[in-house]
Amino acid sequence: MKKLSIIIAAIVCSLMFSVNAKAQESKDYFIGKWQLLTTGLPDGDAKSVLTLTRGENGKLTGNMAGEGRPADVFTKIDEKEKFITCFFTASGYDVYIYLEKKDDNNITGSLLDMFDCTGTRIVESKK
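Quick note on numbering: our numbering labels position 46 of the sequence shown as 46, and the sequence is numbered without any gaps.
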């Protein structure tokens, strides 16, 4: 009976550690640089680079820079386990972009729930 108790305790401990490891992994999934393509815009498809970092307060911060225009700094980021919503101001309008984890290096989403977005993680080579 004592061995059974030890085995059950070991299983419970291992499950707790594996759940904790997955939670940490998913929390930092969006950190880094992403190459985004937004399709269906009135001016045509747009490419941009999304940059996300985690601040000292533990919250995500970042910006989105397009070709030939300055970066739009995110005013607020709502972070959930598998998706984020980034809010910013562009051309005087309040805008948001919803991004969801697709796989390890790809995201999908939408700009203002109208324009489809796809993104790929930019992997920087180590020197």
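Calculated from the structure, these hints are not laboratory results. Any given hint could turn out to be false.
[Claimed, not checked] Derived DSBU-like pairs (lysine-lysine); straight-line CA-CA distance at most 30 Å:
1) K82 x K102
2) K33 x K59
3) K126 x K82
4) K76 x K33
5) K82 x K33
6) K47 x K76
7) K47 x K59
8) K33 x K47
9) K102 x K80
10) K101 x K59
11) K33 x K101
12) K82 x K47
13) K80 x K59
14) K126 x K47
15) K59 x K82
16) K80 x K101
17) K47 x K80
18) K33 x K102
19) K102 x K59
20) K47 x K102
21) K33 x K80
22) K59 x K126
23) K101 x K82
24) K101 x K76
In this text, all values refer to a predicted model and were calculated from it rather than measured experimentally.
Results for each hint:
1. K82 x K102: holds, 9 Å
2. K33 x K59: Holds: K33 and K59 sit about 16 Å apart, inside 30 Å.
3. K126 x K82: Measuring from Cα to Cα gives roughly 27 Å; hence the hint holds.
4. K76 x K33: Roughly 18 Å between the alpha carbons, so the hint for K76 and K33 holds.
5. K82 x K33: holds, 17 Å
6. K47 x K76: Satisfied, since the Cα-Cα distance of roughly 22 Å is no more than 30 Å.
7. K47 x K59: Roughly 26 Å separates the two Cα atoms, so the pair holds.
8. K33 x K47: holds, 13 Å
9. K102 x K80: holds, 14 Å
10. K101 x K59: Answer holds: K101 to K59 is near 18 Å, not above 30 Å.
11. K33 x K101: holds, 14 Å
12. K82 x K47: holds, 23 Å
13. K80 x K59: holds, 12 Å
14. K126 x K47: holds, 25 Å
15. K59 x K82: Holds - the C-alpha atoms of K82 and K59 are around 15 Å apart, at most 30 Å.
16. K80 x K101: Between K80 and K101 the Cα gap is close to 11 Å, so the pair holds against 30 Å.
17. K47 x K80: holds, 25 Å
18. K33 x K102: holds, 16 Å
19. K102 x K59: holds, 22 Å
20. K47 x K102: holds, 19 Å
21. K33 x K80: Given pair K33, K80 holds - Cα atoms ~18 Å apart, limit 30 Å.
22. K59 x K126: holds, 26 Å
23. K101 x K82: Between K101 and K82 the Cα gap is close to 6 Å, so the pair holds against 30 Å.
24. K101 x K76: holds, 19 Å
Of the hints listed earlier, there is not a single one the structure fails to meet.
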